[in-house]
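Number of protein chains: 2
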Amino acid sequence: MTATTRGAQTYREIVTFLRREISSGALVPGQSLPTEADLCTRFQTSRGPVRQALGILRDEGLISSGRGRRSVVLETVPVQPFDVALSFTQWCREMGAEPGQRTESLTREWATRAQADSLEIEEGDPIVDVLRLRFADGTPIMLERLCYPFEVGRHILSFDPDSGSIYERLVACGVDIHHATRILDAVAADAVDADLLGIEEGSPLMRLRRRAFTIEGHPIEWSDDRYLPSHARFASTTVRGAANGLSMLRGV
Amino acid sequence: MTATTRGAQTYREIVTFLRREISSGALVPGQSLPTEADLCTRFQTSRGPVRQALGILRDEGLISSGRGRRSVVLETVPVQPFDVALSFTQWCREMGAEPGQRTESLTREWATRAQADSLEIEEGDPIVDVLRLRFADGTPIMLERLCYPFEVGRHILSFDPDSGSIYERLVACGVDIHHATRILDAVAADAVDADLLGIEEGSPLMRLRRRAFTIEGHPIEWSDDRYLPSHARFASTTVRGAANGLSMLRGV
DNA sequence: TAGTGGTCTAGACCACTGA
DNA sequence: CAGTGGTCTAGACCACTAT
Numbered sequence: 000m001t002a003t004t005r006g007a008q009t010y011r012e013i014v015t016f017l018r019r020e021i022s023s024g025a026l027v028p029g030q031s032l033p034t035e036a037d038l039c040t041r042f043q044t045s046r047g048p049v050r051q052a053l054g055i056l057r058d059e060g061l062i063s064s065g066r067g068r069r070s071v072v073l074e075t076v077p078v079q080p081f082d083v084a085l086s087f088t089q090w091c092r093e094m095g096a097e098p099g100q101r102t103e104s105l106t107r108e109w110a111t112r113a114q115a116d117s118l119e120i121e122e123g124d125p126i127v128d129v130l131r132l133r134f135a136d137g138t139p140i141m142l143e144r145l146c147y148p149f150e151v152g153r154h155i156l157s158f159d160p161d162s163g164s165i166y167e168r169l170v171a172c173g174v175d176i177h178h179a180t181r182i183l184d185a186v187a188a189d190a191v192d193a194d195l196l197g198i199e200e201g202s203p204l205m206r207l208r209r210r211a212f213t214i215e216g217h218p219i220e221w222s223d224d225r226y227l228p229s230h231a232r233f234a235s236t237t238v239r240g241a242a243n244g245l246s247m248l249r250g251v
Numbered sequence: 000m001t002a003t004t005r006g007a008q009t010y011r012e013i014v015t016f017l018r019r020e021i022s023s024g025a026l027v028p029g030q031s032l033p034t035e036a037d038l039c040t041r042f043q044t045s046r047g048p049v050r051q052a053l054g055i056l057r058d059e060g061l062i063s064s065g066r067g068r069r070s071v072v073l074e075t076v077p078v079q080p081f082d083v084a085l086s087f088t089q090w091c092r093e094m095g096a097e098p099g100q101r102t103e104s105l106t107r108e109w110a111t112r113a114q115a116d117s118l119e120i121e122e123g124d125p126i127v128d129v130l131r132l133r134f135a136d137g138t139p140i141m142l143e144r145l146c147y148p149f150e151v152g153r154h155i156l157s158f159d160p161d162s163g164s165i166y167e168r169l170v171a172c173g174v175d176i177h178h179a180t181r182i183l184d185a186v187a188a189d190a191v192d193a194d195l196l197g198i199e200e201g202s203p204l205m206r207l208r209r210r211a212f213t214i215e216g217h218p219i220e221w222s223d224d225r226y227l228p229s230h231a232r233f234a235s236t237t238v239r240g241a242a243n244g245l246s247m248l249r250g251v
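Chain order of the listed sequences is V and Y.
Note that numbering that gives the first Met the number 0 has the first sequence beginning at 0, numbered continuously upward.
Note that numbering that gives the first Met the number 0 has the second sequence beginning at 0, numbered continuously upward.
Think of the hints as simulated: they come from the structure by calculation, not from any bench.
As the structure is a computational prediction, the values presented were derived from the model and not from experiment.
Ideal Cβ placement from N, Cα and C applies to all residues, glycine included.
Please note that a few of the clues may not be correct.
[Claimed, not checked] A partial selection of chain V residues facing chain Y, derived with a Cβ cut-off under 10 Å:
hint: 1; residue: R19
hint: 2; residue: I21
hint: 3; residue: P48
hint: 4; residue: D58
hint: 5; residue: L73
hint: 6; residue: Q114
hint: 7; residue: A179
hint: 8; residue: T180
hint: 9; residue: R181
hint: 10; residue: L183
hint: 11; residue: R206
[Stated by the list, open to error] Here are the computed distance ranges between Cβ atoms for each label pair:
hint: 12; chain 1: V; residue 1: T15; chain 2: Y; residue 2: G29; range: 45 to 55 Å
hint: 13; chain 1: Y; residue 1: A113; chain 2: V; residue 2: T15; range: 51 to 61 Å
hint: 14; chain 1: V; residue 1: G65; chain 2: Y; residue 2: A190; range: 24 to 34 Å
hint: 15; chain 1: V; residue 1: S104; chain 2: Y; residue 2: G29; range: 33 to 43 Å
hint: 16; chain 1: V; residue 1: S157; chain 2: Y; residue 2: R41; range: 32 to 42 Å
hint: 17; chain 1: V; residue 1: E12; chain 2: Y; residue 2: I182; range: 30 to 40 Å
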């Protein structure tokens, strides 16, 4: 669950309050935030929750702070929520475009050596393989190759993959995706890529390879997404002293 | 400064201790960490610093935790420190390769419209422009275009850019880089790229564009780095509930 | 039900910034 | 110098997991 506890905790309220202030323009970039003491008073709380809230905003790259200085609002690319980072459907909607898909193949296969290694299963174990072309507002912008161990993939064999998000389907089936690793690079389009995306063979594509895991660390998905670089870029804001962020933006 | 305070704070010690346990293999992926109570005892401290340390490791994607559960070590790509994310020289050393560079040009120019926009100065204002080819162990792997407002760039006019890191030079000159935004995409090599990197025109390149800022939000650097995709990839680990990370790996 | 992490309180001292 | 954020203490209660 993302929302573990029911009653909104105080620090969550403070995060929401400040996020709204920033996104609504009540607090503009460069401006000082209320002091921690102010926030304690306003939310009738102690410094703990206030500092927890400010820490979250700092990690998201929204504010910066430092000893002796008031915290200030930064101008930055906002970090994406976990789900948006994992789902083309949700990413597309976030961008204000209508997601679409055409499934080229959806098959039950037996794992090759490479697939078995990625999913930490044995060569020849059953897997489910998907090749889908993804659209934004009707334009093809990404070619997606997915691979699941059978235990997970069986949930999409009985599902019309042209009807929507596999990610949402899996979550609905109780598959608990806890964390994911992503690797980004550039590749030249091969014959299949070029044909389906309607470009020249050899054109540059952004490749995003992803492995998703359960909380126990078992791989439950492997994917290879190839984007038209004109339609997707990846961005991150790095703030001294905070964790790095990565997010995906609409192309130019 | 990255290390603001001298005496190592307790939470820093705990982070270092746990990071070592993990990287040395004393704690392996999947294994439980000591309980918070254990860590309090071991470091003779209260829960505050212990939880702060665990929060840092969680944001770095090294561990996961949850109510009622022991925290466990994850198998993930570690996040890079701030400096490594900004400096080719430091990144290269981190990878165990010897960084090198050949400066193709270093000039004092007047800002074009686009440059002026990126640096938030006026068209025609003085700037310093750099074009450098970067090597790892003698092999060209990246072409770097840098652009600085004159106030900042003047520090490198009186510096041999073939002698090392411009980033370190600027930091040494007191230029305070506080945060940066990065945008990643793929482009086809143009004639200049192809010539200097020794590849075919049209070959795919990873492009990383960066803007670095002072704490006040003033841009102090704009850059466009083009990597051979065979030698650089970008990775991130996304954990539900934590900030996203981005880091850079050695190519295949 | 016992153990654990998530959240919170109400203090304290220190390092640093800015007037 | 006063004000502010960074760090820490020593408690507390609760929600959740595992047994």
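Check the structure against each numbered hint from earlier and tell me which ones fail, lowest number first.
Numbers 1, 2, 3, 6, 12, 13, 14 and 16, in rising order.
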